[in-house]
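4 protein chains.
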Amino acid sequence: MMKQARTLLSRSLCDQSKSLFDGASTLRGFASWSTGSGFSGKEAAKPSGRVFAPYAIFKGKAALSVEPVLPTFTEIDSGNLRLDRRGSLMMTFMPASGERKYDWEKKQKFALSPTEVGSLISMGSKDSSEFFHDPSMKSSNAGQVRKSLSIKPHADGSGYFISLGVINSILKTNDRIVVPVTTAEFTVMKTAFSFVLPHLMGWDRLTDQDGTGTQRTTSHGNTDPQQLEQEWDK
Amino acid sequence: MMKQARTLLSRSLCDQSKSLFDGASTLRGFASWSTGSGFSGKEAAKPSGRVFAPYAIFKGKAALSVEPVLPTFTEIDSGNLRLDRRGSLMMTFMPASGERKYDWEKKQKFALSPTEVGSLISMGSKDSSEFFHDPSMKSSNAGQVRKSLSIKPHADGSGYFISLGVINSILKTNDRIVVPVTTAEFTVMKTAFSFVLPHLMGWDRLTDQDGTGTQRTTSHGNTDPQQLEQEWDK
Amino acid sequence: MMKQARTLLSRSLCDQSKSLFDGASTLRGFASWSTGSGFSGKEAAKPSGRVFAPYAIFKGKAALSVEPVLPTFTEIDSGNLRLDRRGSLMMTFMPASGERKYDWEKKQKFALSPTEVGSLISMGSKDSSEFFHDPSMKSSNAGQVRKSLSIKPHADGSGYFISLGVINSILKTNDRIVVPVTTAEFTVMKTAFSFVLPHLMGWDRLTDQDGTGTQRTTSHGNTDPQQLEQEWDK
Amino acid sequence: MMKQARTLLSRSLCDQSKSLFDGASTLRGFASWSTGSGFSGKEAAKPSGRVFAPYAIFKGKAALSVEPVLPTFTEIDSGNLRLDRRGSLMMTFMPASGERKYDWEKKQKFALSPTEVGSLISMGSKDSSEFFHDPSMKSSNAGQVRKSLSIKPHADGSGYFISLGVINSILKTNDRIVVPVTTAEFTVMKTAFSFVLPHLMGWDRLTDQDGTGTQRTTSHGNTDPQQLEQEWDK
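Residue numbers (numbering that gives the first Met the number 0), protein chains in the order written: chain H, 0 to 233; chain F, 0 to 233; chain L, 0 to 233; chain V, 0 to 233.
It cannot be assumed that every hint is accurate.
Which copy is meant is left open, so a pair is good if it fits within one copy or across any two.
Stated by the list, open to error - Below, a list of computed lysine-lysine pairs in the BS3-like style, where the Cα atoms sit at most 30 Å apart: (1) 125 to 171; (2) 171 to 189; (3) 125 to 137; (4) 189 to 125; (5) 100 to 137; (6) 58 to 137; (7) 151 to 100; (8) 189 to 60; (9) 189 to 58; (10) 171 to 60; (11) 137 to 60; (12) 125 to 151.
Simulated from the structure, these hints should not be mistaken for laboratory data.
Please take these sequences and the hints and turn them into a complete structure.
So, in structure tokens, the structure goes:
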């Protein structure tokens with residue numbers, strides 16, 4: 000698929016020129032948005048403080064930025080924690096307002112849940128996905144405002160169109176921002192999303208412990224007694 | 000497979016509404032169960048203590064929660080450790096007792112071993128798996144009580160049915176709890192399980208060492224002498 | 000594909016002999032180059048200092064060495080950081096000057112961006128890729144000097160040819176260094192690149208935080224309120 | 000492929016019973032061997048000391064144990080390190096000497112190099128691989144003693160036969176130890192090997208640094224100046 004590769008390449012080249020020409024300022028912009036995005040105070044309680052590292056894709060008609068929002072935990076007792084809110088991947092769309100300029104005022108956001116992330120990373124080169132969010136769901140205002148994120152493959156399999164639609168039946172507005180992403184850019188997203196997913200679920204906390212847990216167990220039967228205990232405990 | 004995607008989506012939407020409507024309380028429930036599940040005292044010897052972050056899936060007739068149970072180690076001499084008990088992934092099933100209510104009393108557990116995890120993460124969209132556990136295996140009581148975990152694909156490839164059956168020939172009971180999971184949810188499980196597997200095996204301990212191991216080796220022949228030594232040492 | 004496997008094996012064997020016969024000195028060489036390659040002063044501010052661990056492949060006519068160049072961050076305010084420059088994977092090519100000798104003076108470098116890494120790790124066994132870099136792009140000197148990295152599959156699917164071409168229209172030079180890599184070596188690269196990619200993006204910084212982020216959230220509606228807030232905040 | 004799954008299951012069940020019946024003692028055995036295998040003194044310089052966590056597979060006629068051997072580094076100057084010896088995955092084979100008994104005296108070892116690990120993790124369900132090691136290669140004793148590790152798929156795709164052959168033309172011995180592994184067990188190996196590979200290469204050292212590397216860079220042209228510099232520096 001040399002042809003595909005060249006296409007992809009030329010794209011990534013021009014994307015690169017865009018992102019690098021005004022990358023500094025734009026990333027600064029993205030970062031400034033994300034300042035408000037979901038690192039709780041405690042989360043920031045570390046020497047290097049908050050870190051803003053959005054993965055940004057700049058295209059002719061719009062830009063897309065993605066960055067993780069970490070989960071939060073509740074202390075349930077003597078220093079033990081329970082996952083309180085799962086993390087998410089915040090996608091920020093911004094329409095172009097001119098040559099390599101993007102309109103901050105018209106940005107739209109969509110927070111992918113872990114399950115929606117699972118849906119995205121399981122997509123094949125010909126698959127589509129669509130996610131719907133309604134802030135008022137199950138309330139009397141249900142349906143007044145709806146967001147839908149759509150991921151559709153290019154006809155030639157060289158990438159996807161990622162578009163965010165926002166319909167506001169009160170303001171009578173219907174916005175849609177579309178960003179074409181190459182297979183290479185989508186692979187970066189899938190790889191980074193797969194890396195981040197266990198962290199959004201809080202599972203990195205379960206496994207990076209230094210304790211040794213040196214407790215004896217004597218084996219009898221075909222299954223570890225303690226695990227059996229757990230399995231059979233009510 | 001737009002249709003599949005939409006189906007999957009509508010499902011994940013309603014799941015999401017469920018999980019989020021009573022998510023807080025239910026997760027608290029899951030956490031309270033897991034309090035007893037396999038973090039040894041030593042394991043908990045750290046500032047943030049135990050962390051409870053079950054991955055929970057809420058469906059109409061039942062709920063499924065999964066979380067890692069870390070391995071334990073035995074001190075064999077001067078500060079050296081040997082893996083004593085491999086970790087596992089504890090799956091907890093709970094039947095629904097009403098609209099968005101689940102019956103804690105009727106929960107059933109199944110602890111996936113690392114090898115069973117390997118079997119699950121190698122499953123294709125059309126594959127099935129079934130695991131059997133018998134706490135009394137090889138004893139005179141063998142077969143009296145048997146648990147079987149079954150994973151079967153949806154006919155349209157849009158996900159799997161995960162069901163846990165428990166047959167107790169003494170109490171003459173035969174319970175089965177079935178939870179349908181979407182491809183997205185199964186992908187979350189596969190991704191998180193792959194992340195956790197090396198930790199269940201204790202291999203994260205082997206590799207996160209800060210020592211520099213700066214020992215000279217002079218190369219002669221086609222293979223590193225030390226490795227050769229190891230290979231040929233008896 | 001026993002045949003393929005044997006081929007691959009014999010190759011990796013002779014590669015191994017090469018790399019191990021003069022491995023020490025050559026790796027030293029590679030390391031000495033990389034001394035200048037992109038670990039900023041701050042980055043080195045740790046007990047064990049800088050670590051040089053290029054992945055080197057030695058073949059008959061040339062050698063290829065790859066190692067990550069970490070991203071840099073800018074402090075934006077009270078201890079908060081913003082990704083300033085994404086990391087890259089620096090590939091260094093070196094032509095052979097004799098039996099197991101390589102000409103340091105004629106080395107050529109190519110820095111893969113995260114997106115180019117995404118393109119590489121998404122390649123199938125029959126895919127090709129080509130990347131172009133021009134240091135003077137968009138300047139009056141554009142096109143005077145061009146570098147192109149090409150990855151082409153072996154006819155029998157047993158690996159790839161990775162070649163770096165450098166055309167200098169001023170010096171009237173046209174260099175090309177080609178290194179054949181086996182499927183095994185390419186898999187090592189894909190696996191290591193996938194591991195490193197989130198680090199090049201700075202996403203490991205977002206997720207390895209120790210804070211507990213224990214903030215209460217009360218759920219209403221179908222989506223976490225804080226995430227909604229973020230999604231709907233302008 | 001329900002049938003495959005059941006087969007796999009029954010196997011993994013009986014394997015499990017084996018490994019758990021005498022697991023404690025045997026793992027102790029494996030650990031005691033590995034005491035001598037490649038954690039350098041410096042490497043052990045940490046509170047929890049060495050950690051022994053072999054992944055062991057016990058079958059009727061033989062057992063296989065695998066565990067990582069970490070790389071070593073050389074201090075090249077003021078606290079900087081250079082990879083000196085790549086790590087490996089040490090495979091230890093042991094023939095059965097009776098019902099759930101294994102003959103320690105007859106164990107044979109084979110150390111997989113990073114490239115050989117890459118070959119293994121890239122294997123499809125129908126692929127084969129074979130690796131040859133000769134400690135005396137390129138010496139006058141070349142060929143006197145040869146080790147070959149062979150991985151061959153089961154006819155029904157339900158797993159692989161992993162066998163280690165050792166031919167000693169001096170002692171006139173020709174040993175071969177064969178261990179059948181299920182797809183599940185091989186998936187555990189592939190997943191754990193993929194996790195470990197970057198560590199064998201020393202790349203975890205490059206990326207787990209805490210430094211902030213906050214150095215200013217001003218962008219001009221289409222590529223980051225510092226990376227260009229590196230790319231074009233000679």
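Structure-based check of all given hints:
1. Taking CA atoms no more than 30 Å apart as the test, residue 125 paired with residue 171 passes in neither setting, with 34 Å inside one copy and 45 Å between copies.
2. Proximity of residue 171 to residue 189 under the C-alpha cut-off of 30 Å is found in neither arrangement, the shortest distances being 35 Å within a copy and 42 Å between copies.
3. Taking the shortest Cα distances, residue 125 and residue 137 never come within 30 Å of each other, neither inside one copy (34 Å) nor across copies (35 Å).
4. Proximity of residue 189 to residue 125 under the C-alpha cut-off of 30 Å is found in both arrangements, the shortest distances being 15 Å within a copy and 21 Å between copies.
5. When the C-alpha separation of residue 100 and residue 137 is checked against a cutoff of 30 Å, the pair qualifies only between copies, where the shortest distance is 18 Å, while the shortest distance within a copy is 39 Å.
6. In this assembly of identical chains, residue 58 and residue 137 lie within 30 Å of each other by CA distance solely across copies; the values are 17 Å between and 37 Å within a copy.
7. Taking the shortest Cα distances, residue 151 and residue 100 sit within 30 Å of each other inside one copy (25 Å), while across copies they are farther apart (37 Å).
8. With identical chains, the CA atoms of residue 189 and residue 60 are at most 30 Å apart within one copy only, with a shortest distance of 23 Å there and 32 Å across copies.
9. Both within a single protomer and between protomers do residue 189 and residue 58 lie at most 30 Å apart by alpha-carbon distance, with minima of 19 Å and 27 Å respectively.
10. For the homomeric pair residue 171 and residue 60, the shortest alpha-carbon distance inside one copy (23 Å) is at most 30 Å, but the shortest distance between copies (39 Å) is not.
11. Taking the closest pair of Cα atoms, residue 137 and residue 60 come within 30 Å of each other only across two copies (21 Å); inside a single copy the shortest separation is 35 Å, beyond that limit.
12. Proximity of residue 125 and residue 151 under a CA criterion of 30 Å is satisfied in both settings, with 8 Å inside one chain copy and 24 Å between copies.
Of the hints listed earlier, those the structure fails to meet are numbers 1, 2, 3, in rising order.
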